[in-house]
Amino acid sequence: MKFTVEETNLMCIYTADTREELMANLTEMQGHLQEDETELKELTASVLTKLESMTDEEFEAVKGELVGDFE
660 MKFTVEETNL
670 MCIYTADTRE
680 ELMANLTEMQ
690 GHLQEDETEL
700 KELTASVLTK
710 LESMTDEEFE
720 AVKGELVGDF
730 E
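Quick note: to get our numbering, add 659 to the position in the sequence shown (first position is 1).
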């Protein structure tokens with residue numbers, strides 16, 4: 660599964676040990692977003708869709724490469 664730089668950064672911020680935990684963290688964060696935060700809502704939805712379509716084994720392979728680009 661290919662993630663954009665922005666998606667990778669978001670996953671780094673809400674990092675977790677498992678795919679399910681990361682999905683839970685992102686889902687919880689979504690509940691705190693304001694109506695005007697549409698870009699972050701869309702980004703989060705995109706990441707969640709990709710995570711849902713992955714297996715735990717695929718996530719483990721990606722997790723090792725999660726290094727955010729915060730510059």
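There could be a bad hint or two in this list.
Unchecked claim - Distance windows between CB atoms, simulated:
id, residue 1, residue 2, range
1, H691, M713, 21 to 29 Å
2, A704, E724, 28 to 36 Å
3, T714, Q693, 27 to 35 Å
4, E716, E694, 15 to 23 Å
5, T697, A720, 28 to 36 Å
Claimed, not checked - Straight line, CA to CA, 27 Å or less: simulated DSSO-like cross-link-like pairs of lysine-lysine:
id, residue 1, residue 2
6, K661, K700
7, K722, K661
8, K722, K700
9, K709, K722
10, K661, K709
No lab work stands behind these hints: they were computed from the structure. Backbone N, C-alpha and C define an ideal beta-carbon position, used for all residues, glycine too.
Now for the hints, and whether the structure bears them out:
The hinted window of 21 to 29 Å between H691 and M713 holds, with their beta carbons roughly 24 Å apart. Distance hint for A704 and E724: a CB-CB separation of about 22 Å, inconsistent with the stated range 28 to 36 Å. A hinted range of 27 to 35 Å holds for the C-beta pair T714 and Q693, which are about 34 Å apart. In this structure the supplied range 15 to 23 Å is violated for E716 paired with E694, their Cβ-Cβ distance being about 37 Å.
Range check, T697 to A720: about 31 Å between beta-carbon atoms, so the 28 to 36 Å window is met. Between K661 and K700 the CA atoms are separated by roughly 19 Å; this keeps the pair inside 27 Å, and the hint holds. At roughly 12 Å between alpha-carbon atoms, K722 and K661 fall within 27 Å of each other, so this suggested pair holds. Only pairs whose Cα atoms come within 27 Å are accepted, and K722 paired with K700 is accepted, the gap being roughly 22 Å.
Between the alpha carbons of K709 and K722 the distance comes to roughly 13 Å, so the proposed pair stays at or under 27 Å and holds. Between K661 and K709 the alpha-carbon distance is near 9 Å, which keeps this suggested pair within the 27 Å criterion.
Consistency note: the structure conflicts with the earlier hints numbered 2 and 4.
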